[in-house]
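Undergrad: Sequences listed follow chains A and B, in order.
Residues in the first sequence are numbered from 306 upward in steps of one, following our numbering.
Residues in the second sequence are numbered from -2 upward in steps of one, following our numbering.
Simulated from the structure, these hints should not be mistaken for laboratory data.
Owing to the predicted nature of the structure, the values given are computational and were not obtained by experimental measurement.
Here a beta-carbon is modelled for each residue, glycine too, at the ideal position from N, C-alpha and C.
Heads up, some of the hints might be wrong.
[As the list claims (entries may be wrong)] Calculated from the model, a selection of chain A residues having no Cβ within reach of chain B, i.e. all distances over 12 angstroms: (1) 313; (2) 319; (3) 338; (4) 376; (5) 397.
[As the list claims (entries may be wrong)] Distance condition first, Cα-Cα at most 25 angstroms in a straight line; then the derived SDA-like pairs of lysine to any residue: (6) A/345 to B/98; (7) A/346 to B/9; (8) A/343 to B/106; (9) A/327 to A/356; (10) A/345 to B/38; (11) A/343 to B/101; (12) A/343 to B/49; (13) A/345 to B/18; (14) A/406 to B/104; (15) B/0 to A/327; (16) A/346 to B/76; (17) A/343 to B/8; (18) A/314 to B/36; (19) A/345 to B/78; (20) A/343 to B/5.
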Amino acid sequence: DTEVTQTPKHLVMGMTNKKSLKCEQHMGHRAMYWYKQKAKKPPELMFVYSYEKLSINESVPSRFSPECPNSSLLNLHLHALQPEDSALYLCASSQGGAREKLFFGSGTQLSVL
Amino acid sequence: DAKTTQPNSMESNEEEPVHLPCNHSTISGTDYIHWYRQLPSQGPEYVIHGLTSNVNNRMASLAIAEDRKSSTLILHRATLRDAAVYYCILRDVAGGYNKLIFGAGTRLAVHP
């Protein structure tokens, strides 16, 4: 199984809502990542978890709250988002070293109204 | 992270070879050169990576200049499915080893 599964595939939420994005992998990978991608732009790194601990936060606003409950799961909790947060949110996983390749999910397309 | 420079877009015909260039003049000795691609409506996927020597796999070949300041991704026979954005990325094995930072990439169009 070389898949990274993201749910939901599409999400529409209001600015006062609280929602969560979910990411799952069963490859035994120890590093997991959240990226944000606006249309026609490259993915931007948001967070990196290594061995279930947050190791990198790329100065992401606190309305985005990541969580890694176990080595297979990664969540992104969303609260009080703005319309400009509408984007494709991508999850990825890897073994962790710089030589190791990342496996990406297909993403969650988020629209904030 | 060291910076890479790629052309914004390239075009190819089906079944012809494609050479996608990448300049990385500030590359350090511990930087690996990675290539990913992103097909429409999908997440990025790994293509190939290398350090100093040329590399081949089932998807592509990677040619690395002797001074490592540039590299070329080679698709030997382009298919319509190869139409994607191709990203050349440097990953430092010594530093923040978990970061994969994307540049603007090259959008490849493949014509029948």
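Undergrad: Going back to the hint list, which numbers does this structure go against?
TA: 3, 5, 12, 15
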